[in-house]
Amino acid sequence: MIFTTQKISDSYWKVSIENPPVNVFDASFSKQLIILMDEMEAEENLKVVVFESANPDFFVAHVELLNITDFPKGTGKTGLSISWPDIAKRLEQAPFVSIASIRGRARGLGSEFVQAFDIRFASKEKAFFGQPEIGIGSFPGGGGLERLHLLTGKARALEIILSGNDYDAETAALYGWVNRAVPDAELDAFVTNFAERIASFDKFAIASIKSIMNERAVLPKNDHIMETQTRFFQSLESPESRQRIKRLLDNGLQTYGDVELNLGKHL
Amino acid sequence: MIFTTQKISDSYWKVSIENPPVNVFDASFSKQLIILMDEMEAEENLKVVVFESANPDFFVAHVELLNITDFPKGTGKTGLSISWPDIAKRLEQAPFVSIASIRGRARGLGSEFVQAFDIRFASKEKAFFGQPEIGIGSFPGGGGLERLHLLTGKARALEIILSGNDYDAETAALYGWVNRAVPDAELDAFVTNFAERIASFDKFAIASIKSIMNERAVLPKNDHIMETQTRFFQSLESPESRQRIKRLLDNGLQTYGDVELNLGKHL
Amino acid sequence: MIFTTQKISDSYWKVSIENPPVNVFDASFSKQLIILMDEMEAEENLKVVVFESANPDFFVAHVELLNITDFPKGTGKTGLSISWPDIAKRLEQAPFVSIASIRGRARGLGSEFVQAFDIRFASKEKAFFGQPEIGIGSFPGGGGLERLHLLTGKARALEIILSGNDYDAETAALYGWVNRAVPDAELDAFVTNFAERIASFDKFAIASIKSIMNERAVLPKNDHIMETQTRFFQSLESPESRQRIKRLLDNGLQTYGDVELNLGKHL
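Protein chains in written order, with this note's numbering: chain A, 1 to 267; chain B, 1 to 267; chain C, 1 to 267.
One thing to keep in mind: the hints can contain errors.
It does not matter which identical chain is meant; a pair holds if it fits inside one copy or across any two.
Heads up, simulated EDC-like pairs for lysine to aspartate or glutamate below, C-alpha to C-alpha not over 20 Å straight-line [stated by the list, open to error]:
#: 1; residue 1: K246; residue 2: D70
#: 2; residue 1: K77; residue 2: E215
#: 3; residue 1: K203; residue 2: E240
#: 4; residue 1: K221; residue 2: E64
#: 5; residue 1: K265; residue 2: D202
#: 6; residue 1: K124; residue 2: E170
#: 7; residue 1: K7; residue 2: D202
#: 8; residue 1: K154; residue 2: D166
#: 9; residue 1: K77; residue 2: D258
#: 10; residue 1: K126; residue 2: D57
#: 11; residue 1: K7; residue 2: E43
#: 12; residue 1: K73; residue 2: E215
#: 13; residue 1: K77; residue 2: D250
Derived by calculation from the structure, the hints in this document are not laboratory data.
Taking the hints into account, I'd like the entire structure generated from these sequences.
Structure (structure tokens):
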């Protein structure tokens with residue numbers, strides 16, 4: 001079980017992520033996330049869900065690069081691929097609030113995973129963010145080219161995506177990548193208070209706010225999301241990309257160690 | 001007289017707001033604001049108007065909740081309700097610059113009031129902001145769902161509106177809700193210098209900058225503003241909302257005291 | 001030679017700007033920039049270009065105001081004026097990354113010059129920014145009314161353009177005008193590391209990221225850029241503008257001295 005759901009009440013759920021050794025977003029992650037999404041949508045009293053990681057060093061490392069063919073295929077109810085883009089859009093459109101409480105690394109698809117949440121709070125000392133795809137001759141394929149600039153503006157999104165660098169939580173907060181950086185010792189209490197507060201309000205008001213906001217704010221377009229995802233997988237097939245991926249895997253990618261901990265440096 | 005206008009010159013006016021005990025935005029506020037807006041538009045040499053509060057604890061508390069039926073009815077020259085949305089759009093389109101110099105609380109319609117100004121400066125120690133509508137089972141109905149995300153981005157607007165929390169001026173500045181937070185002891189001199197500076201420039205240039213910017217930047221749509229306002233008033237009619245409003249009024253809402261001072265805590 | 005190009009490799013160029021005494025953007029600047037732009041586009045291996053100033057007090061002061069009729073005329077391949085708007089758009093669309101490493105003043109067209117780069121890094125102590133056009137009865141004519149609000153949001157863009165004030169690098173970073181402010185002693189090493197890093201990645205990935213982002217993010221419209229430029233030059237013809245320009249020139253504009261160093265104060 002990658003996702004352990006603690007149902008604090010009908011209206012407030014907490015989900016812990018654990019996929020050793022570094023919480024990669026692999027085929028099992030995708031399949032179990034689809035089941036969890038169905039469960040969240042089915043609980044009509046649900047008001048708020050908090051996602052956190054059981055691994056203090058990794059929130060979600062990145063997409064699994066060895067077995068990408070195992071990911072679930074086909075499109076979901078939003079018309080997007082069920083492997084992930086469909087889930088992202090369902091989170092956006094859900095009548096409940098999704099919150100990522102981030103400790104550890106959230107890079108690549110891990111960063112794009114948290115971009116799909118309504119709200120992101122990050123440990124000031126222990127959260128790190130990156131879009132390292134350029135290091136394997138590619139680019140963000142799971143929404144980063146569509147959502148990150150809506151959070152940070154175009155210039156900072158280009159800086160992040162073109163450099164593949166790791167960003168600490170304070171810089172991420174300055175850039176708008178996360179809502180705010182909270183001192184690590186205070187993060188859990190802060191997020192719990194925030195979530196309990198929302199759980200005390202009316203479901204009708206929560207759902208109305210999200211649905212009205214979704215009509216007012218700029219959201220990514222489905223065809224952009226799909227086009228980028230297709231081009232991302234194509235880019236991984238190039239000899240140059242294969243070679244860069246092989247070198248990183250040989251050096252320890254997807255195992256717990258210095259390459260995963262300091263990926264920005266190793267690109 | 002809720003608004004006291006000090007005409008420092010033809011080109012520079014200062015307006016002080018006083019509607020005891022907590023500066024609620026009530027029917028009289030609305031009616032007198034319409035007259036003031038007509039006066040500002042009629043002064044063809046006007047270049048800059050600064051609004052401040054005579055009450056150091058409250059800029060504008062929120063909408064009056066007991067007598068909402070007294071608000072002026074009908075649509076104004078912009079096609080929007082004259083009670084407030086029409087004024088907001090006229091401020092946006094005016095050939096003069098509107099500045100809010102904020103001390104004290106600006107919550108709900110008070111927050112939406114300042115969102116309609118061109119520029120917002122806030123006392124670092126004494127200004128507080130919130131959209132507390134969720135606490136009465138509702139949502140911002142005076143432009144907050146249309147304008148706040150243009151200032152803060154969607155994720156932070158959702159955080160603010162879904163939590164109903166109070167925000168201090170430094171967080172508001174980080175989020176873009178206000179242009180900047182200025183130490184309270186420096187605020188008046190800072191705003192005066194800023195306004196006098198603008199008053200020294202050409203009216204033609206000022207009006208050109210605003211009209212060109214209004215064609216370049218994303219602005220709220222009239223039908224969005226109107227739809228949200230209608231849904232806001234409908235939401236107040238629900239039994240759940242009536243009960244939440246009654247409880248807050250019983251505890252001291254709309255009187256000077258702890259509920260108004262620390263509304264975020266009491267929701 | 002206003003631009004000195006150091007070709008560190010096929011993929012990484014560094015350009016130093018020197019146009020004494022204060023690096024004005026004059027007709028020669030425009031003509032040589034067109035040649036440089038052609039060179040950059042012709043080098044198919046180019047991945048990253050860094051622009052910096054040889055003058056620590058001035059990055060680019062502003063447009064030359066005495067001989068504006070000497071600027072090259074006609075439209076370039078983007079359909080925009082070749083004097084500058086065409087270059088701005090070509091930088092945006094280029095398959096390489098453009099970085100401004102800013103020391104000294106970047107005001108007016110100097111500010112608009114750096115707004116056209118993909119990424120802006122500024123010396124925390126020595127970089128200053130402004131849009132002083134209002135001080136000559138005019139408004140930004142080289143893209144500032146189209147690009148600045150995309151970086152800072154509308155409210156802060158209005159504050160900057162309506163005040164004509166000088167902004168330090170930390171405020172510019174808070175507002176999003178620049179990506180970040182870097183301590184002056186660290187700026188060169190920071191930018192060099194950043195540029196070398198990008199130069200180590202694949203050209204295909206770099207070009208893909210820029211072209212995909214250009215389809216996803218909001219960009220200025222050609223007709224807006226052209227309309228504002230036309231109106232800018234018209235505004236300079238008014239008696240009021242001529243008088244304000246003459247007074248500034250009499251006081252030392254376009255020479256090295258207090259007016260240029262502290263232009264915000266002198267408007």
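Subject >> Alpha-carbon proximity between K154 and D166, which holds within one copy, between copies, both or neither at 20 Å >> reply: within (18 Å within a copy, 24 Å between copies)
Subject >> Alpha-carbon proximity between K77 and D250, which holds within one copy, between copies, both or neither at 20 Å >> reply: neither (39 Å within a copy, 46 Å between copies)
**OP:** First find the shortest C-alpha distance between K77 and E215 inside one copy, then the shortest across copies, and answer within, between, both or neither for a cut-off of 20 Å.
**Re:** within (19 Å within a copy, 26 Å between copies)
**OP:** Tell me, please, which holds for K124 and E170 at an alpha-carbon limit of 20 Å: within, between, both or neither?
**Re:** both (6 Å within a copy, 17 Å between copies)
**OP:** Up to 20 Å between alpha-carbons, please classify K265 paired with D202: within, between, both or neither.
**Re:** Answer is between: at 17 Å across copies they meet the 20 Å cutoff, but 46 Å inside does not.
**OP:** Pop the pair K73 and E215 into one bin, within, between, both or neither, using alpha-carbon distances up to 20 Å.
**Re:** neither (29 Å within a copy, 27 Å between copies)
**OP:** Evaluate K246 and D70 at a C-alpha cut-off of 20 Å and name the case that applies: within, between, both or neither.
**Re:** within (19 Å within a copy, 56 Å between copies)
Original post:
Between copies, within a copy, both or neither: which fits K77 and D258 at Cα up to 20 Å?
Top reply: neither (40 Å within a copy, 48 Å between copies)
**OP:** Since the copies are identical, ignore which copy is meant and state whether K7 and D202 lie within 20 Å (CA to CA) inside a copy, between copies, both or neither.
**Re:** The answer is within: 18 Å in one copy meets 20 Å, while 46 Å across copies does not.
Original post:
Checking K7 and E43: alpha-carbon separation at most 20 Å within a copy, between copies, both or neither?
Top reply: within (11 Å within a copy, 59 Å between copies)
**OP:** First find the shortest C-alpha distance between K221 and E64 inside one copy, then the shortest across copies, and answer within, between, both or neither for a cut-off of 20 Å.
**Re:** Neither. Shortest intra-copy (25 Å) and inter-copy (40 Å) distances fail the 20 Å Cα cut-off.
Original post:
How do K126 and D57 come out at 20 Å by Cα distance, when the copy is not named: within, between, both, or neither?
Top reply: within (7 Å within a copy, 38 Å between copies)
The structure is inconsistent with the numbered hints 4, 9, 12, 13, although it conforms to all the rest.
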